[in-house]
Amino acid sequence: MSVQVDTQGTVRVSQTAAPAEETKASWRGGQLWLLLPALALLAVFFAYPLFDVVLRSFRDSQGGFTIQNYEAFFSRAIYIRVLLLTIEIAFLTTVFSLVVGYPLAYVLANSGPAARSFMMLCVMLPFMTSILVRTYGWMVILRPNGIVNTALVTLGLGETQLIYNRSGLMIGMVYTMLPYMVLTLYSVMRGIDGRFVAVAQSLGAGRWSAFWRIYFPLSMPGVAGGSLLVFILAAGFYITPRLMGGDRDQMLASIIAYQVDVLLNFNFASAIAVILLIITLACFGLYARVVGLKQLLTSKV
Amino acid sequence: MGSDALINPSLPVRIAAWVMLAFLMAPVLIIIPVSFSSAQYLSFPPPGLSLQWYERFFGNKDWLSAIWVSVQVATLSAGLTIVVSTLAAIPLVRSDFSRKTLVYGLLLAPMIVPVIITAIALYFVFARIGMGGTVVAIAIGHTIVVMPIAIVVLSATLQGVDSRLENAAMSLGANRFQAFRKVTLPLIAPGIISAGLFAFLTSFDELVIPLFLGGPNAQTLAVRIWNSVMLEIEPTIAAVSTFLIALTVVVMIAANLVKKARRWA
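Note that the protein sequences, when read in sequence, are chains A and B. Residue 71 in the working numbering sits at position 71 of the first sequence; the count goes up by one each step and never skips. Residue 1096 in the working numbering sits at position 96 of the second sequence; the count goes up by one each step and never skips.
With the rest of the complex left out, here is chain A:
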């Protein structure tokens, strides 16, 4: 394994190539300048811009220091509603992705090589395909005269509004986040030895209790990791809520974009961005503590 994580959630790169001591010595020092391009790029185009956003969030229209941007956010019911809605949607997305993704990852991890590679293709192809393409696909399927509604009308069940409201938002969110959940669960489940379950059954446990008392606890790192990852990603998500949700279902990211794009309210947008960033970092801190960073790396690559 390339990256190791200790209990504090810090990453260490292990020397699996096991070079001899003198080999290491020949590389020590000297090479560190090779990090400079990457660090310089991040300093100028990531760290400084983020710092600028934080500063901006404490600035009034004249450029003086103020906390009015935060006051404006926390004193208006509409923004509190968006904040709570963001957390609610991210939470529901996480729960549904877990309920739906667990059986899929379970079957994926416990199939033969041929079935597994086909199933993996069915997970990876949508995962790699542009999110706009997939969202457009859902619009074709779910819209008022779309396939599902045509089928419902043909069956005499009548039309249902499936998109541009909460149901459209949830379908889109769960759909987009499902691969992250499945891949995280899968990487943990592949490491679980099926013989543990077989032993439990041979000792008299039923199929169900062998699963709940042996397999499920062993898969908990995947459950925790996948859930936190999906929650973090869902909380900051912009595209799917805009395209598939209703006007009343806009989340923090949409409000930030609206403040920047339409109202040109840069300082207030920065304050909302800082609030979203704090939520994300808090969840990520929990993630690093509970699961460690290794999971995040393996599930994204």
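Hints are supplied without guarantee of correctness; some may be wrong.
Output of the computed footprint for chain A on chain B, the stretches with three or more beta carbons under 8 Å from beta carbons of chain A [stated by the list, open to error]:
1. 1085–1092
2. 1106–1118
3. 1121–1131
4. 1140–1148
5. 1199–1209
6. 1222–1234
7. 1243–1249
If you are wondering where the hints come from, they were derived from the structure by calculation, not from laboratory data. The beta carbon of each residue, even a glycine, is placed where N, CA and C say it ideally should be.
Using the hints, position chain B against chain A.
For chain B alone, kept in the frame of chain A given last:
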């Protein structure tokens, strides 16, 4: 890794899994027949076959220039990403230094911050230095977003190369740069190509960065699609989408071939 003893999931669980796979594939698969429809409006199943939407796509200057902008952005960002990430991976894998954990954490930080925040932060900064609305600005934004993943992939690849090979070359008279270029670089080339392909595809498809950093002169394909989808669901988008699905499949196959080549080497 993985266990020899697989559990046999019960039938209902298997069925649930296949239903979820269908759910994952449905929006991707539905678009392809729609894009070949002969109908004048969006309908499924299509009443007949025609290439009219592809003619509209490839016959339209706006769409073609959007593809060209995306190709420029993705090429630039993939190139920048692999150069910077390969260089960074060398000390991360080969050197011991006290702040390695901290450096690794810094390099991976853009993965954690929501893209919308990175996008507006860059928007403010580029606007101030007068670089807003350029291809270079979008490419830099994409490099920031993709670099953490490229660094992880390239560090893992470099781990697999024994540094003693380089030392052997150096003991035979090569200088450090020659040893890297002639010995290590060919060995990690498959990793570099995979990371580059991944960076290209990610940049080609990514929307939020160009939405904020692009201007009228730098409208990527993703932004062009976004603008169309917001207005109406016309079948031209199905043709564009099928084009993008084909691109994804080609990149996935290429990455797979590179992986196979590495196994044979």
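Check: Which hint numbers doesn't this structure obey?
Finding: none
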